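Asks: Chains A and B, in that order, give the protein sequences.
FYI, in numbering that gives the first Met the number 0 the residues of the first sequence are 0 to 441.
FYI, in numbering that gives the first Met the number 0 the residues of the second sequence are 0 to 315.
These are calculated hints, taken from the structure and not from any lab test.
Pairs of lysine to any residue residues, derived as SDA-like cross-links and limited to a Cα-Cα distance of at most 25 Å, are as follows:
hint, chain 1, residue 1, chain 2, residue 2
1, B, K114, A, I317
2, B, K114, A, L315
3, B, K114, A, I387
4, B, K114, A, T374
5, B, K141, B, S124
6, B, K114, A, T388
These numbers were taken from a predicted model, which means no experiment stands behind them.
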Amino acid sequence: MSDVASDVAKLPARSGLHSAAPALAARLAPWIVLAAAFAILPTIFSSGSALTMLSLMGIMIVFALSYNMLLGETGLLSFGHAVYYGLGGFLTVHVMNVVIHDKLPVPLPLVPLVGAVAGLFFGIVFGSVSTRRAATAFAMISLGIGELVASSSLILRGFFGGEEGVSTNRTKLLHVLALNFGPQIQVYYLIAAWCLACMAAMYALRRTPFGRMCNAVRENPERVQFVGYNPRTIRFIAFSFAGLFAGVAGALSAVNFELVNSATVGAEQSGLVLLAAYIGGIGNFAGPVIGAILVTWLEVMLSDVTDVWQLYFGLLFIGVVMFAPRGIAGLLMMHEPLWRAGAYGALLRLAPTYLLALVPGLMLVAGLILVIEMTYHLSVRASEGPTITLFHVAVDTTSALPWGAAAVLLCGGLLLLRLTRPVVGAAWQDAFVRAQAAGRGK
Amino acid sequence: MLELVTISTLNGVLYGMLLFLMASGLTLIFSMMGVLNFAHASFYMLGAFFGFQIEQMLGFWPAFFVAPVLVGGVGALVERYGLRYVHRHGPVAELLFTFGLAFVIVEIVQMIWGKGPVDYRVPPSLDFSAFTVFSTNYPAYKMFELATAVAIFALLFGVLTRTRVGLIIQASLTHPHMVAMLGHNVPRVFMLVFGVGSGLAAVAGVIAGPALITQSNMAAALGPILFVVVVVGGLGSLAGAFLASLLIGLVQTFAVSVNLSVADVLGSIGVAPPTGGLLSDVWTVTVAQIAPIIPYLLLVLILIFRPVGLLGTREH
Numbered sequence: 000m001s002d003v004a005s006d007v008a009k010l011p012a013r014s015g016l017h018s019a020a021p022a023l024a025a026r027l028a029p030w031i032v033l034a035a036a037f038a039i040l041p042t043i044f045s046s047g048s049a050l051t052m053l054s055l056m057g058i059m060i061v062f063a064l065s066y067n068m069l070l071g072e073t074g075l076l077s078f079g080h081a082v083y084y085g086l087g088g089f090l091t092v093h094v095m096n097v098v099i100h101d102k103l104p105v106p107l108p109l110v111p112l113v114g115a116v117a118g119l120f121f122g123i124v125f126g127s128v129s130t131r132r133a134a135t136a137f138a139m140i141s142l143g144i145g146e147l148v149a150s151s152s153l154i155l156r157g158f159f160g161g162e163e164g165v166s167t168n169r170t171k172l173l174h175v176l177a178l179n180f181g182p183q184i185q186v187y188y189l190i191a192a193w194c195l196a197c198m199a200a201m202y203a204l205r206r207t208p209f210g211r212m213c214n215a216v217r218e219n220p221e222r223v224q225f226v227g228y229n230p231r232t233i234r235f236i237a238f239s240f241a242g243l244f245a246g247v248a249g250a251l252s253a254v255n256f257e258l259v260n261s262a263t264v265g266a267e268q269s270g271l272v273l274l275a276a277y278i279g280g281i282g283n284f285a286g287p288v289i290g291a292i293l294v295t296w297l298e299v300m301l302s303d304v305t306d307v308w309q310l311y312f313g314l315l316f317i318g319v320v321m322f323a324p325r326g327i328a329g330l331l332m333m334h335e336p337l338w339r340a341g342a343y344g345a346l347l348r349l350a351p352t353y354l355l356a357l358v359p360g361l362m363l364v365a366g367l368i369l370v371i372e373m374t375y376h377l378s379v380r381a382s383e384g385p386t387i388t389l390f391h392v393a394v395d396t397t398s399a400l401p402w403g404a405a406a407v408l409l410c411g412g413l414l415l416l417r418l419t420r421p422v423v424g425a426a427w428q429d430a431f432v433r434a435q436a437a438g439r440g441k
Numbered sequence: 000m001l002e003l004v005t006i007s008t009l010n011g012v013l014y015g016m017l018l019f020l021m022a023s024g025l026t027l028i029f030s031m032m033g034v035l036n037f038a039h040a041s042f043y044m045l046g047a048f049f050g051f052q053i054e055q056m057l058g059f060w061p062a063f064f065v066a067p068v069l070v071g072g073v074g075a076l077v078e079r080y081g082l083r084y085v086h087r088h089g090p091v092a093e094l095l096f097t098f099g100l101a102f103v104i105v106e107i108v109q110m111i112w113g114k115g116p117v118d119y120r121v122p123p124s125l126d127f128s129a130f131t132v133f134s135t136n137y138p139a140y141k142m143f144e145l146a147t148a149v150a151i152f153a154l155l156f157g158v159l160t161r162t163r164v165g166l167i168i169q170a171s172l173t174h175p176h177m178v179a180m181l182g183h184n185v186p187r188v189f190m191l192v193f194g195v196g197s198g199l200a201a202v203a204g205v206i207a208g209p210a211l212i213t214q215s216n217m218a219a220a221l222g223p224i225l226f227v228v229v230v231v232g233g234l235g236s237l238a239g240a241f242l243a244s245l246l247i248g249l250v251q252t253f254a255v256s257v258n259l260s261v262a263d264v265l266g267s268i269g270v271a272p273p274t275g276g277l278l279s280d281v282w283t284v285t286v287a288q289i290a291p292i293i294p295y296l297l298l299v300l301i302l303i304f305r306p307v308g309l310l311g312t313r314e315h
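Chain A with its partners taken away, still in its complex shape:
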């Protein structure tokens, strides 16, 4: 790996100095494309369920990016990030109910600000306690605070609404521009606008000197002290900001569902955002966005297809932790140096080897699915008869054939994966060497 990294460093950059105007345009271009994508998506995916999913994705993107501010930028591993999401949601709902009750002139689009303030407030309160420590101790404290709030949510029924939660009605607020936010499409655009604004804010924040100091605290807190900064203060500020954006996400979720219950502050929600950010790839801005989209999609799609979807989730997560610790974005970014160097030919030559590695990978996945689904059926659903349908094929879970097939797929997949790995590695090396040679020739 390290030799590849040094090769990358030697690759020539494609272009030299930019002039100011094209640089600004180049910097703004991704955001314009993103805004356009947000605007166009609901016309492509216009069904009700698709709109709901897009809204969920927008919320999750904000939430996962706020988590990335902790883990990715500052190196703070939190197991209780849902606290700020959930409390932001609860306060939003309560404020909305007060606004409705007292007929205050507050339009819905401004309501997520309540979540932001609530998230920031609780981020400051809990952050002042938890950011005194870093690393493992911080992780444990965040877990403890998460459990504290989650357990309190079942005790303080007045604020958290007990089992059924607190509900509201988003259409009863002041209407501006004849928008009543009844239809999902209007809510989607509200979420999309806030999502875009939060993304831009978080992206800007990570490029400020403060953002760089966060990275420094992640890499080497001792050095940060020598430079004259207090790592504790930087952790605290980063934590408060992360709370703020998590609060916005919680408020958006409250607006979307018109309901907040105690599950939103719970450990499962904290785990979900961790999974989303990490699978997508922490430390890279695009990572949590990819992760949020993928995890939301998987959550909706998989839970339709199988009862044990969370197991697949967990396995995917472990797979990413073990084999791709930089996440999906990290895998994609490995190709960036080649792309920058203009070595498109080399990239193209990599494609067949990837296809080659895909075959055993798919075999492995298919084998796993077979084993998991058949085991689940035999142990929990045995009363419904021995046959299940997998990929439109009827499988008799009591006969030896599918189990044998699963074993062959698993073992064969593992074996072939071992065989193809050096091939892919060699193709990698080759691509870089060629790109380097091309660079020298220029």
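Knowing the structure of chain A, use the given hints to seat chain B on it.
Replies: Structure of chain B alone, referenced to chain A:
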């Protein structure tokens, strides 16, 4: 009153010892590898479910001895083929690996045994009352749990301080490189400690399973409290973990029997608490109702006033 105190003390010590059975393994693993094993409570749960399964097939006593060994084996495999591989990606990846593992173990348990509780019962040979305190019959099974926990505590203490293996383990905690130079296989020591730690958690699971409810949420219910124990005791301190286990065991048991609320206290000195409002529950919840959150309050207080924990010495 005296009856209540006696029974609560017994129950509290018992709960504390069970916590220590798990916290000891967790602490050893942490001081050795610097990994707080998120899946530790999952091994406790696996212990209970393996115990249940073996009990169904062979009876309680085989389960009592075989289940911890099996779970210990699973733990050793996890260390050998999982953690050791992830180690190259750094400590965060290691912690996240155990987090993912905990997630997956819960799902696998649900996949095999379902989401509801399983019928794991106290064996008939231990299903009688050991003695009577005032008017309460104290079950023999609880005494058995206590005796097991104390015996294992003594055994662990003896092995760590009095034997050659214990010496090597203790040396590996602080000077792994030196131990390796002296010709010991330190990775194998790590694997052993991880396996034994998981096995100890499984012992707790096997004996606590019949007394509590054996179901797939038992790891999630206990895991966070376990972390409170090791942080409050001081990360990496075995004696601190012991102290914190007993402390939390006693505090939680006693809290459950106190039916007092802020409103009662205010009322006794003649002040009426405010009524109505979103947070009016704060005044009326009883100590018994907030028993589940007391450990976490303790954690926050300890971190404010003594960040290294009760007996911790170093900042991690």
